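Residue numbers (this note's numbering), protein chains in the order written: chain A, 374 to 651; chain B, 2 to 315.
Quick caveat, the hints were computed from the structure, so don't treat them as lab data.
No experiment lies behind these values; they were computed from the predicted model shown.
Incorrect hints may appear among the rest.
As the list claims (entries may be wrong) - To spell it out: a stretch of chain B is covered by chain A in this simulated footprint if at least three of its residues, at any positions, have a beta carbon under 8 Å from a beta carbon of chain A; those stretches are: (1) 32-42; (2) 265-278.
What the hints assert, rightly or not - Each pair of labels, with its calculated beta carbon distance range: (3) A:S559 with B:G118: 56 to 62 Å; (4) B:P78 with A:A479: 44 to 50 Å; (5) B:E247 with A:R598: 54 to 60 Å.
Glycine residues also receive a C-beta, built at the ideal position from the N, C-alpha and C atoms.
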Amino acid sequence: MDITPSASCVGSFRPHVAEEVSVVLQNEMVNGEYRHLVVATSALAASAQAGQFFQLLCPAPPGEAPFFRRPMSVYGADRAANTVSFLYKVAGVGTRGLATLRPGDALPLLGPLGQGFELDPAWRRVVAIGRGAGLATLGPLAVAAKAAGIGMTAILSARRPDLVMSEDLFRSNGAEVITVTDSDGSSDPAKLRRLLCMLIADDRCDALFTCGSSRILRLLQRLAREFGLPGQVALEQQMACGLGMCFCCVRDFNVDGETVHKRVCWDGPVFDLLEAVA
Amino acid sequence: MTDMSVRVGRLTLANPVMPASGTFAEGMACVFDIGRLGALVTKTITAELRAGNPLPRVAEVRGGMLNAIGIPSKGVPYFLAHILPQYRRVHAPLVVSISAPTAEGFAAIAAAVSVEGVAAIEANISCPNIEEDGRAFAQRAGATEAVIRQICAATPLPIWAKLSPNVGDIAEIARAAEAAGAEAVVVANTILAMSIDLENFRPKLGNTLGGLSGPAIKPIVLRQVYQTARAIGIPVIGCGGISSAEDAAEYMIAGAAAVQVGTASFLKADTMLDVIDGLDRFCARRGIARVADLTGAIRLEADHAETAEMETVT
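Bound-form chain B, shown alone:
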C-alpha cells in the first residue's frame, strides 16, 4: 500500500486529490463518499450577491468545455448558515474559494470565512480587479502580491493563491504570491477562450468569452506547473485537464504536490476516486512507497535540459 498522504503547507491531506473550485458541490455526495477526497474545495463565494452570467453558460468544444458561469453567489451569511454545516460533517479538510473585486474586499471575505471547519482559503485572484481597469489580479505580479498580502493579514488560515494561466510568465506571478505569504499556489484557472456558432454567427457563450477546461488544456497547464514549481519554494497544486491517475502523476512529476480535478467529474462523477485509486496502483507498480515522492521527480538529463532552455529563449 502506497502512503497516499501529502503535505500542502501546514495541511496534511490524506491523498493529493481534490475538486477544482466550481465543479464541486453537495450533489457529489449523492454519488460517492466525499470523505475519501484529499480535500473539498467550494465554489467561489463572494461578499455580494451575484446572479451569474447570461445563458448559455457552457459550450462544448473538441477535448474540452468553455464556461462563463459568472460566479453566482448567495453571499457569506448563506454560506456560513447553509453550506458550511454540511461539510463540517465530512472528514476531508474544507478549502473555501473566495473572490472580490478589490484587495480590501478579499481581506474582508477571508476574515468572514475564517471560522471553525474551514482548513484553508483559496483566493481566486483570476477575477477582474476593478482598481486596475478590470485586469485580473493574477495577471500582474504587483497586484497579486498586494492582494495576497492583505488576505494573509486578515486571517490565520493558510492561503492558496489560484493563478491565471493567461499570463506570459506565470513563475513571476507565483513568486509574488509566495513573497506575500501564500502557502501554496493553484496552477491554474481556465484558459481564456471563445467559440462561435456557425448557424447564427453568435458567440456560443452568453458572455462571449469564457474559460477553456478539460483534456485540451492539460499540456499547457502542465508546462506552467513545471515552470512554477521550479521558481518557488511553496507547494504547487496542479489543475488543468486531469481526468486520470496518469494525468495526475504527470502533474506531480512536473512538480505538483497535489492536484485538482474539475471538468472530468462532469463526464464521470466519481473520477476523483479513480484518480486516487489509480495513483496508488501507479506507485505500487513502480515500488514508490509514498505518492509524495512523485512530486518534482521529473528526470532532466543535462543536455536535454540545455536544449529545452535554448528553445525557451528563442
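Isolated chain A, as found in the complex:
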C-alpha cells in the first residue's frame, strides 16, 4: 500500500486517481442493448489500464434518483487524445441516467481505480473468454496484449449473434475471434471446454482471462488446475466508495486453502483466477 505524505513535505503529493468532471464526447447505441460512451478527461484519468474502472456520478433519469456513483470498467483509454470510453448496457437507474447524457454534458468521475489485468512478457499467446458486459472489460486487454507483443484468441459469448460485444476491438488489435452464442448452442460449457482444450493442445494458451460469467469462470478454473495454467478474472460487486474504504464490496477468496474477504474495488477488480470463488 502506498500512502503519500503530506503537509510536512508540501509539493511532493501526486495523485494516482483523478477526481474530476469529464465532458461527454459521444454516447451512442451500438446495438439493441449497449451504448458506447466516450468522455474527455485529464491525462491521469486517460492513463487507465485494462481491467481498471471508474466511479461515475450518473445523472438522475426522469423520476429517479441514483445516490451512489456507479463503477464502470474501462473499455478504452487513449493517452494521446485524453479520452476514456465505456461500453454499458442500460440495466438500472444508474445506466438509465448515463443513457441521457449528450455530447457536451458534464460527467463527474473518479479513477482510474483498482488493479487491472497483468500481462507477463514471457507469454506468447493468451486466451480471453467472456460473456455479455464482461466483454467490455476484456476488450482493452486485446489492446494491451498487442502492445506487449502477445497474441490473443478471444472467445466472445452472448445470447444472440447481434449481442456479441467488442468483436471489432479484438479483431482490430490482431486477436483471433471466435464467437459463441446460446442461440446456436455453441456457448454450451462442454463445447467451450473442447474448444479451450484444443487451444491449449495447440500451445496457443499461456494464460486465461475472463469476465462476465460464473459458469465460464468455473470452467476456466478446472482447466487452469488440470493444465497448470495461470489466469485472471475481473469481478463485479456493488460498490460505494471505490477506494477500499467502506468494505461493502467484499467477496470470498480462496488464499492458500483459507477463505478470506477481499475488496473488489481495492484488491481487484482483477484477481487471480484460482483465488476467486465462483
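Chain A is fixed; fit chain B onto it per the hints.
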C-alpha cells in the same frame, strides 16, 4: 486569509474538517493530500477479528445511504504493524476509532492503541453492549458514563465519545460522557433505519437494519448538535450529512467546534478539501477572522427562543 485552526480539547487542529470513521482509509491518499485535513479518523478497530456483516452491506435511498458493514476488523496487532506506520508519515493528527462489547474491552483496546503517532481516541459507543442486553452504550447515560470512565482511566490520550442519534435526549448522554472525562463528543453516528426491496419483499441490507447517513439526516443531527452544545462545556464535533462548506458552517454555528464528513466522500472523494476551502471563503466573505468564531454563533432572539422552547415542551 481566515485563521482555520480550531481547538478540540487538548488538540489544536489546522482546520475543523476530518473524515467520519468508516469512510476513510489509505485509498483516499491516492486522490488528494490527506495531510491537508484537520485530522484523520480511522475505521473502527476492535480487539477481536471480525469478518463483518452479510452482503448487501449498503443500499441507496433518497438523499442518502444505508449501511450495515459490521465493523470488519483485523485486530490491534495488524493495525499497529500495518496501518499506523502509514499514517505516522502524514502531518494531520490521527484519531483512532475503537469499539468493544464491554467497558473492560473498551479500556483494554484504548490502552493498546495508546502509542506514539495516535493523537486521540474516538470511542464508538454506539455499538451493542453485551452486558446490557445488546443495547448500545450510547443509548443510556449510565452505561455511557461507565464505559467512558473506564477508557479514560486506561489511557492518557484525549477521548472523544461518538454518540448515537438513536436516543430521546442526546444532551443527557453527552453530559454523562463529559462527567466521565471525555474531551469531546462526536454527534452523531448513523440513524437506525431500513429499506425493503419491493421486487422480492426482502430487506435491502443483509443485516436487515442499518444506519442511515447522507444529506437526508442533516437537519436531524444538526438539531442534536445544537441541543448537545448547549448542554455541555466540552467541544462537540458535528457529523451527519455534511457535503458542503455551507453544511459545515451550519453545524459550527449550531455549536460544533469541528466537523466530520463521511458519505459525501463516496460521491466526491475530495469533498473534504472543498469543505475546507469553502469554509475559508465563507468566513472571508463575512469578515470573520477565525473559523472558530463560527462555533455557537447562532443568533437566537429572545422571543424566537421562547417559542422554540414551548414547541419542544408540547
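Here is what the structure says about each hint:
Coverage of the region 32-42 of chain B by chain A holds [criterion: at least 3 residues with CB-CB distance below 8 Å; count 6]. Check on the region 265-278 of chain B: 6 of its residues sit with their Cβ under 8 Å from a Cβ of chain A, so the three-residue criterion for coverage holds. About 60 Å separates the C-beta atoms of A:S559 and B:G118, a value consistent with the hinted range of 56 to 62 Å. With their beta carbons about 46 Å apart, B:P78 and A:A479 fall inside the hinted range of 44 to 50 Å.
Between B:E247 and A:R598 the CB atoms are about 57 Å apart, so this pair conforms to the stated range of 54 to 60 Å.
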